[in-house]
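Novice: As a plain string of letters, each chain reads:
Protein chains: 2
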Amino acid sequence: MQKAKHRVVIVGAGFGGLYAAKALRRADIDLTIVDRRNFHLFQPLLYQVATGVLSPANIAAPVRSILERQRNCRTLLGEVISVDAVRRRLNLREGALEYDSLILAPGSVNSYFGNDDWEEHAPGLKTVEDATMIRARILSAFEQAELEQVPDRIRRLLTFIVVGGGPTGVELAGAIAEIANHTLRREFRTINPSDARILLVQGGERILEGYPAALAARAQRSLEKLGAEVLLGYQVVEVSERGATVRHSDNDADSLIESATVLWAAGVQAAPLSAALRQATGCELDSGGRVIVEEDCSIAGHPEIFVIGDVASHCGGGAEPLPGVAQVAMQQAAFVGRIIRDRLQGQPASGRRFRYHDKGSMATIGRASAVADLGHLQLSGMPGWLAWLFIHLMYLVAYDNRVLVLFQWCWYYLTWNRSARLITNQEVRSHPDN
Amino acid sequence: MQKAKHRVVIVGAGFGGLYAAKALRRADIDLTIVDRRNFHLFQPLLYQVATGVLSPANIAAPVRSILERQRNCRTLLGEVISVDAVRRRLNLREGALEYDSLILAPGSVNSYFGNDDWEEHAPGLKTVEDATMIRARILSAFEQAELEQVPDRIRRLLTFIVVGGGPTGVELAGAIAEIANHTLRREFRTINPSDARILLVQGGERILEGYPAALAARAQRSLEKLGAEVLLGYQVVEVSERGATVRHSDNDADSLIESATVLWAAGVQAAPLSAALRQATGCELDSGGRVIVEEDCSIAGHPEIFVIGDVASHCGGGAEPLPGVAQVAMQQAAFVGRIIRDRLQGQPASGRRFRYHDKGSMATIGRASAVADLGHLQLSGMPGWLAWLFIHLMYLVAYDNRVLVLFQWCWYYLTWNRSARLITNQEVRSHPDN
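In order, the protein sequences belong to chains R and V.
So the number in our numbering is just where the residue sits in the first sequence, counting from 1, plus 385.
So the number in our numbering is just where the residue sits in the second sequence, counting from 1, plus 385.
The reader is advised that the hints may include incorrect statements.
Derived DEER-like restraints, expressed as beta-carbon distance ranges [what the hints assert, rightly or not]:
no., chain 1, residue 1, chain 2, residue 2, range
1, R, P657, V, I776, 29 to 39 angstroms
2, R, R410, V, A753, 27 to 37 angstroms
3, V, I466, R, P708, 50 to 60 angstroms
4, R, F775, V, A753, 28 to 38 angstroms
To list a few chain V residues with every Cβ distance to chain R over 10 angstroms, as calculated [to be verified]:
no., residue
5, R591
6, D637
7, P733
8, G766
Please keep in mind that the hints were generated in silico from the structure rather than gathered at the bench.
Treat the numbers as computed from the prediction; the structure is a model and nothing was measured.
The C-beta atom is built at its ideal place from N, Cα and C for all residues, glycine as well.
Make the full structure from the sequences, and use the hints.
Specialist: Okay, here's the thing in structure tokens:
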């Protein structure tokens, strides 16, 4: 038997967890990474699964396979139920797991701001299952419209509402507009798919609020050119089977927009594990359920517990909380990995402070257009799209996925054909008013 | 308004239905193809989805997209509930559809020979959902074994039983053996995936009963070389959560093989639409629920109703019913299309007789080995596999799928990496005895 090694447990195999494991690849530790899913998912491209360009496996890679060669690391498929911070133990549904250092990176889930009953009628886009379900809903709406006789029902079926004008909402609305106006153009005999209305509903005064105003304006023009309508200053006050009810910030009159397909891209909140951590340690959470962490990403009173990624509320020295993007999680992962390595070598790690280096952000609008805010450089249109394309390919962890995704993008670019247009795992939906 | 055209309705967009539509592409008719699913599925490669080499979209193509350019044809996503042969009308869940000629090609479903309760514990491989579910079960068994402490439970989790030694069973067993012995080889830290037992249970005296004995023997040797065990002469008499109980034909002693993953490849029966057709027309069904058709594929008393593919029991002039393979359905589709075209041009079509030209059959065993019985030519090993590869690529209807599938086969050939190894749409399964 060898001397017992320092045990590090990482919860979550998203960008935070996976890069934390990689940051510890040369450490002489006993490392375990636990995730409820057996794959790492490249969430930035999930909307392309939801809109039929890519298959789920193209943007996912088995965690086990990614970490196969990292001999200090074992992968477990398991679900964390609670944390026992005193005995330094995680309680999984499948058993218990002891740690000396803990890195929590469980990510985020959709937030309906207290209206959880909206979820059924307005699914959000966080998991592979969400994506294939949204894909099925979008395609089924056109299919049902082709079978329908009553004009009002056809109109409802061909109205698509995307709630939320951030990158995900913009990308989804652009992709649905392309489906209606290009991909499906010649495929129906009764309806005309380009009669579809695609509405992007945004509460604020402009879309892409995190981006420079000029880029956001260009993105809006691109969206409108694709055939989507952008409703600014509208709050969604109700979502039901009939559609979404919106209210403009200038007046109190509500209006119902009838729609069979309402999609939610308006907000996320921390994964429920943050609540379990509060219960165990008394740590504070912010309004989005995120754990308020110390400057070194640990939690107060528990220097051995680190929280990173979407579930961490880290002010990074400034007033604004950090955005819930992969870059933040990856940089925090590298930072925390370094702290753990230094501690193992007896180097004092107190007083360290995580600083986020914003490398920029980008969003695509349709087939060959994107906006990219790279700080000193702002790109839009085709140059923005090429930048977007290469950066996204680069961050796909599996080599074969890069080739498959590139081929499918080229194919789509040349033909407008979204070949992954499968309606699966879906009970046959009946019309709501039948 | 144009003069009303002859209305042809095709039910099912498998090989039979799709090729019937294509056979009628130049006819001056009003053609409708109805399917419950929005895609044509290349079933011969479904086992590669179930074992993580391919994604569902790689072997599926939207029916609408395939028939986009065929202007005489419309595609409907609908489910046929009953046939009204007197009024020449199909009742769909979504409404009614009138026809002058009807081509029924609804395919087959798994048959448990009266033991429908086995299905839950021994899923068969007919749909995309079956494939992703079987994929999840196979991968979950290894994942659960990695978490398990009790040796008996680990053994049960690492025992895989494939019931049925036809091509599907052989291909599945070979693929699972490769997963255990190659793909997962270095990925686990506690279990050794190659400890897995893969059992192919076959009631008859040899596997691949439709093939020449020498080829079947070679296939069995290939399977055994990959690490699968072939149990000949064993009937499965019970399937439960614990595993499968088998009985050898030579004695009455039953023995339970404990297994967490039992897969069913032992038989199919006609889709339920055949029963609806019997109710409507009094047509006869055979023991597998298939419709006994006339020599021209129509049914007795209804020259305007044709039944083709897996759901037709066509003796083709001989004593043996035709096999349930794509070739039969495609040839029947072309034959029936010609009859309808000839009738429209006033040519008598009575007394015609469908004859099946057997072009051979093939099955793969693992990564680079196959058996092919092409009549005058019998191939096995690598030559068999290359023949299998090119013929299967050729019959994929979408061009981009051919490229994607070829790339993924090459990738797998070079790396053993099955990259579509996702556990999706699966509730977390608990251990049966917890």
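Novice: The structure should be examined with respect to each hint, and the outcome stated for every one.
Specialist: Hint by hint, here is what the structure shows:
1. As the Cβ distance of R/P657 to V/I776 is approximately 50 angstroms, the hint placing it in 29 to 39 angstroms is violated.
2. Judged by the Cβ atoms, the range 27 to 37 angstroms given for R/R410 and V/A753 holds: they are separated by roughly 33 angstroms.
3. The supplied range of 50 to 60 angstroms is met by V/I466 and R/P708, whose beta-carbon atoms lie about 51 angstroms from each other.
4. Range check, R/F775 to V/A753: Cβ separation about 34 angstroms, and the 28 to 38 angstroms hint holds.
5. Non-interface call for V/R591 relative to chain R: holds, since the shortest CB-CB distance, roughly 36 angstroms, exceeds 10 angstroms.
6. For V/D637, the requirement that its beta carbon stay farther than 10 angstroms from each beta carbon of chain R is met, with the minimum near 40 angstroms.
7. Listed as outside the interface, V/P733 is consistent with that label: its C-beta sits roughly 32 angstroms from the nearest C-beta of chain R, beyond the 10 angstroms cut-off.
8. Non-interface status of V/G766 relative to chain R is upheld: no Cβ of that chain comes within 10 angstroms, the nearest being about 26 angstroms off.
The structure fails hint 1 only (numbered hints given earlier).
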